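Protein sequences, first through last, are from chains A and B.
Residue 1 is where the first sequence starts when you use the numbering used here, and the numbers rise one by one after that.
Residue 462 is where the second sequence starts when you use the numbering used here, and the numbers rise one by one after that.
Simulated from the structure, these hints should not be mistaken for lab results.
Because the structure is a prediction, the values reported are computed rather than measured.
For each residue, glycine too, the CB sits at the ideal point set by N, CA and C.
One or more of the hints may lead you astray.
When the alpha-carbon atoms are kept at most 20 Å apart in a straight line, the in silico SDA-like pairs for lysine to any residue are as follows [stated by the list, open to error]: (1) K452/A <-> E409/A; (2) K494/B <-> L23/A; (3) K888/B <-> P900/B; (4) K25/A <-> N574/B; (5) K36/A <-> V872/B.
In silico negatives: residues of chain B with every beta carbon more than 12 Å from chain A [as the list claims (entries may be wrong)]: (6) I587; (7) A642; (8) N767; (9) Y768; (10) S775; (11) P812; (12) A814; (13) E871; (14) S921.
Derived list of chain B stretches under chain A, where covered just means 3 residues or more per stretch with a C-beta under 8 Å from a C-beta of chain A [said to hold, decoys possible]: (15) 594–604; (16) 860–869; (17) 903–910.
2 protein chains.
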Amino acid sequence: MIEYYDISGCYILRPWAMEIWELLKEFFDAEIKKLKLKPYYFPLFVTENVLQKEKDHIEGFAPEVAWVTKSGKSELEAPIAIRPTSETVMYPYFSKWIRSHRDLPLRCNQWCNVVRWEFSNPTPFIRSREFLWQEGHTAFATKEEADKEVLQILELYRRIYEEFLAVPVSKGRKSEMEKFAGGLYTTSVEAFIPNTGRGIQGATSHCLGQNFAKMFDITFENEKGAREMVWQNSWAYTTRSIGVMVMTHGDDKGLVLPPRVAPIQVIVIPVPYKDSDTTAIKGACESTVYTLNESGFRADLDTRENYSPGWKYSHWEMKGVPLRIEIGPRDLANQQVRVVRRDNGAKVDIPVANLVEEVKVLLDEIQANLLKTAKEKRDACIEVIHTWDEFTTALNNKRLILAPWCDEEEVEKDVKARTKGDLGAAKTLCTPFDQPELPEGTLCFASGKPAKKWSFWGRSY
Amino acid sequence: MIEYYDISGCYILRPWAMEIWELLKEFFDAEIKKLKLKPYYFPLFVTENVLQKEKDHIEGFAPEVAWVTKSGKSELEAPIAIRPTSETVMYPYFSKWIRSHRDLPLRCNQWCNVVRWEFSNPTPFIRSREFLWQEGHTAFATKEEADKEVLQILELYRRIYEEFLAVPVSKGRKSEMEKFAGGLYTTSVEAFIPNTGRGIQGATSHCLGQNFAKMFDITFENEKGAREMVWQNSWAYTTRSIGVMVMTHGDDKGLVLPPRVAPIQVIVIPVPYKDSDTTAIKGACESTVYTLNESGFRADLDTRENYSPGWKYSHWEMKGVPLRIEIGPRDLANQQVRVVRRDNGAKVDIPVANLVEEVKVLLDEIQANLLKTAKEKRDACIEVIHTWDEFTTALNNKRLILAPWCDEEEVEKDVKARTKGDLGAAKTLCTPFDQPELPEGTLCFASGKPAKKWSFWGRSY
């Protein structure tokens, strides 16, 4: 899927990754166009002056900003930043474009690259210095409209993870410490990787409130002729989503791809024996691929003659193709094909006459099974705790911790300080919307003060 | 379509431009996938060391390269370049990925942004410091395969210009002076803007020969077990294509968009008179838009109540929408709609029953008419000349000059030097594949030596 590049933290996305990215993009772009989002492309560059306008925002991003200072052999008059995100690139123009309530809502989306020159461990997909994403930026007349959109988009992110990538996620709200720099509140979908015991932020949908509107003077004349500030959102998901999927489903044999995002859903492999009619086998393989492609599946044929069938099985298992079809002399004689599932290794013979319908059923089953299995594994990691001792034990056991919390920033800072170590500190992942009952008198696991909510805690990527 | 940005030479692409870009991309991407091109994404950044490997190449691009030297407050150990094009980004990995003839052909394409920090006059779409493009990079075992692909891609570029943007172009080959830095030969599609009398390069398809293969050590083992160097191509078209279209078709009233790329092909405007049944009119408008959209057209409705129909006519004319449909009380009574063409202002009443078929015919006619008109205007500018005097006169008259040429680099340099001036020097645009007869004894217009070919000359963008 990727190739390491000679600049640390940069990776080459190869077709197997890009084709997944294109499938996700096709779904998401169509959905947001239904919501009247319009495509834009704003520049890669932003001046220092504009970048620094929103103080909390720049504090969050400043250490990671890459600066262009030279072109050819000339020094630039002033350094120019490469966008780490585009709030400051876009909002001076929002201020210009929005005059009246009739200009609202303004709903922009762009697909682009951004650069965050991070110094912590770079990891392909998960933490890279350049990544691809979509970023939506919207402005509304009222907070109600903004609030509503935050959740509409969050639901699309949930669908990307659960319906396409088969990765279970929790929708929730970020703590004050973990929210977007400069925003009002942040919602996210959070995944969890059982093997490493770490949470991972899947995508975020922020309500920016009126903070940026104030700094960038984005106001409109309302229906009564008075000037008001707009309410804004921004939201994004990135190529990281592919990495979360890889970590969730991969096994000893390599990748396991959910059918809905697999660039090849069915790989067909001829299995000729000595003296068998190779031409007839090849013909049956070609006709199988043709039939499947005509029915809307992504099927391909591996006819390479310099590799054995066994080598090909391993190769396509490693690449995670959901279904393998083998066709040998016996299959030919019996008018059937042998189908092997990548997710559980199950083998089944299908009559050629039922090919399309049975493949459809199998792919749907694999898609559902991957999500179900991942959810069971994730759920088995959730540990409800009440005390600091239970918390540290659960953390050591790499659990996804659900704990009653007083919701105070100082307490989260304190938990971070007390859990610092080689593996990284614990922090809040999110406060899930789906809240268990919180009996009166429940105390915060960390501060002993009255708890206000259940929050997920753990180490994270 | 665009908004000026506070960094010179950078522009914001607004939805009206991005939607055109998406339509072009949809066509082109599907076509190259038929040719087995695979999607990749290579990093934005390239190290100085790698960028400088191919000497001619870096000489061509060095003055325009933007350099990142800082991240946060730290100086980088070595400056890192932003890609002006991706040959040097990709080819070290081609060297790694290509081992055997079985790895060929390798065919990569990416859609991305590139940066060329030019200092000549920035112009929206035409000359900007950051632009969007696709870049295809391919490697073959033989020159024949590479040559063939160069022309396949050039034909797709011709189709983008002539079939989508309705801009007539000439296919041809660039002179040695004008070819791609580091390549073997360059083909291009060239357009011409009659108003300014300048040629403009529409897109280029380069055969790189084995120059880069040598520098980046891209070799393969052939079927006989011997090592050979690959043959490479690279080819690209950019958001400039939208600018060429704007300059070709625009008139006093604003843009004129060819139907195949118009984000809105038909705008429907209610024309209520005093006392007319506004509800019925609005209903008829909605049903018209619905019917057209259901039939696959891109139609929209302008129901804004704070603008008059006349204001809306001008607005959508300025935006270049190919067809306007007006529906007033008389249309309602007669079960018809009034249709107005943007390209020639012609008005026609269409029975509601024939809406879909007549709109289809009209859009096809507009598409064909725009290309035909542009071709007539372009052809009227072509002047065949034989002498230096005729050349300078034609140049002063802003003509597209077709001249017999000896094909010597020194002579092109000399023509450039002799025509230097405020308007810029003349140069070769291309040697068209479609060559008129060149009678024996024809002399070069500039050097007086025997002419080898007919070439287009002129000032250019």
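Hints, verified against the model:
Note on K452/A and E409/A: the hinted pairing holds, with a Cα-Cα distance of about 13 Å set against a maximum of 20 Å. Between K494/B and L23/A, the direct Cα distance comes to roughly 15 Å. Compliance with the 20 Å bound is thereby established for this hinted pair. A hinted pair counts as satisfied when its Cα atoms are at most 20 Å apart, and K888/B with P900/B does not qualify at roughly 23 Å. At roughly 18 Å between alpha-carbon atoms, K25/A and N574/B fall within 20 Å of each other, so this suggested pair holds.
At most 20 Å may separate the alpha-carbon atoms for a hinted pair to count; K36/A and V872/B exceed this at roughly 56 Å. Chain A leaves I587/B outside its interface by the beta-carbon criterion, the shortest separation being 16 Å against a cut-off of 12 Å. Against chain A, the non-interface label of A642/B holds: every CB pair exceeds 12 Å, the least being about 15 Å. Against the 12 Å criterion, N767/B falls within the reach of chain A, whose nearest CB is about 7 Å from its own CB.
Distance to chain A contradicts Y768/B as a non-interface residue, since its nearest Cβ pair spans about 10 Å, not more than 12 Å. With a cut of 12 Å on Cβ distances, S775/B stays outside the contact zone with chain A, its closest approach being about 18 Å. The claim that P812/B is not at the interface with chain A holds, since no C-beta of that chain comes within 12 Å of its own (minimum 32 Å). With a least beta-carbon separation of about 30 Å from chain A, A814/B lies farther than 12 Å from that chain, consistent with its non-interface assignment.
Once the 12 Å rule is applied to beta carbons, E871/B is consistent with being away from chain A; the minimum gap is 27 Å. Remark: the non-interface label on S921/B is consistent with the geometry, its nearest Cβ contact in chain A lying 22 Å away (cut-off 12 Å). Look at the stretch 594–604 of chain B against chain A: 0 of its residues bring a Cβ nearer than 8 Å to a Cβ of that chain, fewer than three, so the hint is violated. Counting residues of the stretch 860–869 of chain B whose C-beta sits closer than 8 Å to any C-beta of chain A gives 0, which falls short of three, so the coverage hint is violated.
Look at the stretch 903–910 of chain B against chain A: 0 of its residues bring a Cβ nearer than 8 Å to a Cβ of that chain, fewer than three, so the hint is violated.
Taken one by one, the earlier hints fail for this structure at numbers 3, 5, 8, 9, 15, 16, 17, listed in ascending order.
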